[in-house]
Amino acid sequence: MEKEDQVQEYIRENGGNAAFHNYINDFSHIKDPLERRRLALEKIDNAGFSWRSVYLIIVAGIGFLNDSYDIFTISIALTMMTPIYFSGENKLSYGIETWVKSATSVGAVLGQIGFGIMSDVLGRKKVYGLELLIIIVTTIFQACLGTAPGLNFAYLLAFMRLFQGIGIGGDYPAAAVITAEFSTTKWRGAIMSAVFASQGWGQVLGAIVAVICVKAGKSDINVSSKECGDSCKKALDQMWRVLIGFGAVPGAMALYYRLTIPESPRYSLDVQNDINLGTAEVSRFLAGELGEAEQEELDVLRKTGVEVDNIDTTQKKASFSEFRRHFSQWKYGKILLGTAASWFILDVAFYGLNLNTANVLKAIGISKGKTLYSSLLSTCKGNLILICAGSVPGYWFSVALIDTWMGRKSIQIMGFVMLTIIFAVVAGIQDTKDPTHGGISKFSFALYIFAEFFSNFGPNTTTFLCSEQFPSRFRGTAHGISAGIGKVGAIFSQTVIGYYVNKGENGLKKSMGIYSGLMFLGVLSSLLINETKGVTLEEVAYKFHGDIDPNQFIARNGEQVEGSSETEDDVHKLA
Numbered sequence: 001m002e003k004e005d006q007v008q009e010y011i012r013e014n015g016g017n018a019a020f021h022n023y024i025n026d027f028s029h030i031k032d033p034l035e036r037r038r039l040a041l042e043k044i045d046n047a048g049f050s051w052r053s054v055y056l057i058i059v060a061g062i063g064f065l066n067d068s069y070d071i072f073t074i075s076i077a078l079t080m081m082t083p084i085y086f087s088g089e090n091k092l093s094y095g096i097e098t099w100v101k102s103a104t105s106v107g108a109v110l111g112q113i114g115f116g117i118m119s120d121v122l123g124r125k126k127v128y129g130l131e132l133l134i135i136i137v138t139t140i141f142q143a144c145l146g147t148a149p150g151l152n153f154a155y156l157l158a159f160m161r162l163f164q165g166i167g168i169g170g171d172y173p174a175a176a177v178i179t180a181e182f183s184t185t186k187w188r189g190a191i192m193s194a195v196f197a198s199q200g201w202g203q204v205l206g207a208i209v210a211v212i213c214v215k216a217g218k219s220d221i222n223v224s225s226k227e228c229g230d231s232c233k234k235a236l237d238q239m240w241r242v243l244i245g246f247g248a249v250p251g252a253m254a255l256y257y258r259l260t261i262p263e264s265p266r267y268s269l270d271v272q273n274d275i276n277l278g279t280a281e282v283s284r285f286l287a288g289e290l291g292e293a294e295q296e297e298l299d300v301l302r303k304t305g306v307e308v309d310n311i312d313t314t315q316k317k318a319s320f321s322e323f324r325r326h327f328s329q330w331k332y333g334k335i336l337l338g339t340a341a342s343w344f345i346l347d348v349a350f351y352g353l354n355l356n357t358a359n360v361l362k363a364i365g366i367s368k369g370k371t372l373y374s375s376l377l378s379t380c381k382g383n384l385i386l387i388c389a390g391s392v393p394g395y396w397f398s399v400a401l402i403d404t405w406m407g408r409k410s411i412q413i414m415g416f417v418m419l420t421i422i423f424a425v426v427a428g429i430q431d432t433k434d435p436t437h438g439g440i441s442k443f444s445f446a447l448y449i450f451a452e453f454f455s456n457f458g459p460n461t462t463t464f465l466c467s468e469q470f471p472s473r474f475r476g477t478a479h480g481i482s483a484g485i486g487k488v489g490a491i492f493s494q495t496v497i498g499y500y501v502n503k504g505e506n507g508l509k510k511s512m513g514i515y516s517g518l519m520f521l522g523v524l525s526s527l528l529i530n531e532t533k534g535v536t537l538e539e540v541a542y543k544f545h546g547d548i549d550p551n552q553f554i555a556r557n558g559e560q561v562e563g564s565s566e567t568e569d570d571v572h573k574l575a
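Quick note on my numbering: the sequence shown kicks off at 1 and runs consecutively.
Just so you know, these hints were derived from the structure itself, not from any lab. Please note: incorrect hints may appear among the correct ones.
[Stated by the list, open to error] 30 Å max Cα-Cα, derived DSSO-like pairs, lysine-lysine:
hint: 1; residue 1: Lys91; residue 2: Lys381
hint: 2; residue 1: Lys186; residue 2: Lys331
hint: 3; residue 1: Lys218; residue 2: Lys381
hint: 4; residue 1: Lys331; residue 2: Lys409
[As the list claims (entries may be wrong)] Pair by pair, the computed Cβ-Cβ distance ranges are:
hint: 5; residue 1: Ser225; residue 2: Leu527; range: 49 to 55 Å
hint: 6; residue 1: Asn90; residue 2: Gly245; range: 20 to 26 Å
hint: 7; residue 1: Leu524; residue 2: Pro149; range: 51 to 57 Å
hint: 8; residue 1: Thr260; residue 2: Asn152; range: 37 to 43 Å
A virtual CB, placed ideally from N, CA and C, is assigned to each residue, including glycine.
Given only the sequences and the hints, what does the whole structure look like? Please build it.
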């Protein structure tokens with residue numbers, strides 16, 4: 001207690017020094033809680049792009065790099081597994097193969113909704129890092145799976161990917177909310193888009209690791225699939241385990257920084273109603289204190305602030321009943337409908353594109369080969385070409401333009417319009433025969449690359465920014481629901497439409513027609529969301545959700561503030 005008393009006495013003193021910044025005294029002279037909150041958040045909103053922004057991008061982005069790596073490496077890993085576990089009588093049926101590929105998406109739905117709710121109920125910090133820990137553990141377990149008389153390898157693999165999907169899904173609301181609430185208003189869109197763009201680097205990393213594995217096993221797998229003996233199967237077994245297991249490395253590098261990230265000041269201020277701690281955490285963050293505060297320091301920060309005026313600024317907690325009451329009103333519910341429907345529509349086509357990647361590569365002759373080595377290597381290189389030509393540039397066009405030229409809504413609508421046109425054209429020319437490339441034209445392949453580009457320079461990026469559309473008390477839950485419904489679209493694409501594509505004549509042509517129609521519906525659903533470019537999160541809460549906005553008024557003892565019609569009674573009604 002003696003040490004704590006000394007620290008409290010010191011922190012009450014004016015000033016501070018290089019060794020100890022007096023965080024409380026940055027705002028302790030302001031007794032009005034709304035004004036104190038406004039000034040604290042204004043410091044975050046008006047901060048420029050700095051190394052703190054880079055820190056956020058790296059810590060949150062590594063998680064998305066990890067997610068993307070784990071999701072998209074399973075396709076090539078299954079190709080490596082086939083001669084070992086799924087040949088002859090054990091050949092994978094379409095249903096089991098689809099379940100293995102879609103298990104991650106099923107888990108992601110649970111993770112997105114579950115972690116979204118927990119981030120609002122328990123706090124951002126308490127759940128941030130937990131999802132990455134789940135991914136690391138399940139990745140290691142997958143790399144160690146084997147066969148036994150009483151176990152079915154395919155189902156065991158799918159089971160582990162289901163739990164891995166929970167961690168991957170949990171990363172969406174956790175990272176999005178943390179990044180949004182710590183970002184400066186001017187560059188919030190670019191920072192969040194850069195985090196999401198890390199998915200592209202995850203795909204690139206997966207393709208590179210796959211190429212390295214295939215190259216390393218060349219001497220053993222440079223045979224036809226029918227001639228794959230013990231040494232060939234051993235090499236393939238080592239290759240897929242390394243490919244899958246490497247997915248734990250990026251997450252392990254970022255785990256410590258996620259577990260020690262400070263609580264979001266907006267959660268402390270708006271949900272916990274902890275004025276002292278929330279404003280102090282703002283100063284800690286802007287002063288470069290990016291790690292977790294010690295418990296003793298937190299206790300001191302809570303106890304040493306000057307008493308605020310007795311005005312109730314507490315927002316109603318994010319309970320199920322309050323969430324339902326709020327979003328059952330059309331003026332608020334339409335926003336959630338717009339974000340969720342747009343994400344669902346986008347993921348149907350986005351995952352549909354990735355379902356057809358192998359078909360496209362095979363049709364244009366890229367993935368053909370006389371031996372397992374040549375076939376695997378050409379497939380890996382083909383994937384790398386598609387990613388580098390379409391996906392990665394699309395992500396970074398969004399990062400560059402979302403805060404400088406185009407807004408979120410305009411990029412999303414533009415992307416949906418372009419995808420509507422591209423899919424319609426591909427469906428229209430799908431019967432065109434190219435004698436060189438077995439039924440799909442070079443023009444179709446070029447359109448496929450453009451579809452990848454406008455998915456990412458479009459709704460695949462902007463739907464991730466949907467957490468900006470909601471107030472602090474519902475931000476995690478609303479984002480989680482929107483993302484979860486999006487993954488339902490991915491499951492629908494992988495199961496229903498995927499089956500449709502592989503069944504009957506002209507399945508690919510018909511599916512492209514369906515995607516084109518869905519993209520047009522995406523244009524309509526995008527009209528329900530709001531433009532948030534250059535708008536603070538507090539202005540979003542006030543303008544679009546009727547929550548308290550201290551930038552519009554400051555209530556003091558029931559007196560009206562000049563330029564405002566609100567009184568203290570109005571503040572209580574909004575709260």
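Exercise. Can you give the numbers of the hints that this structure goes against, from lowest to highest?
Worked result: The structure conflicts with no hint, since it agrees with every one listed earlier.
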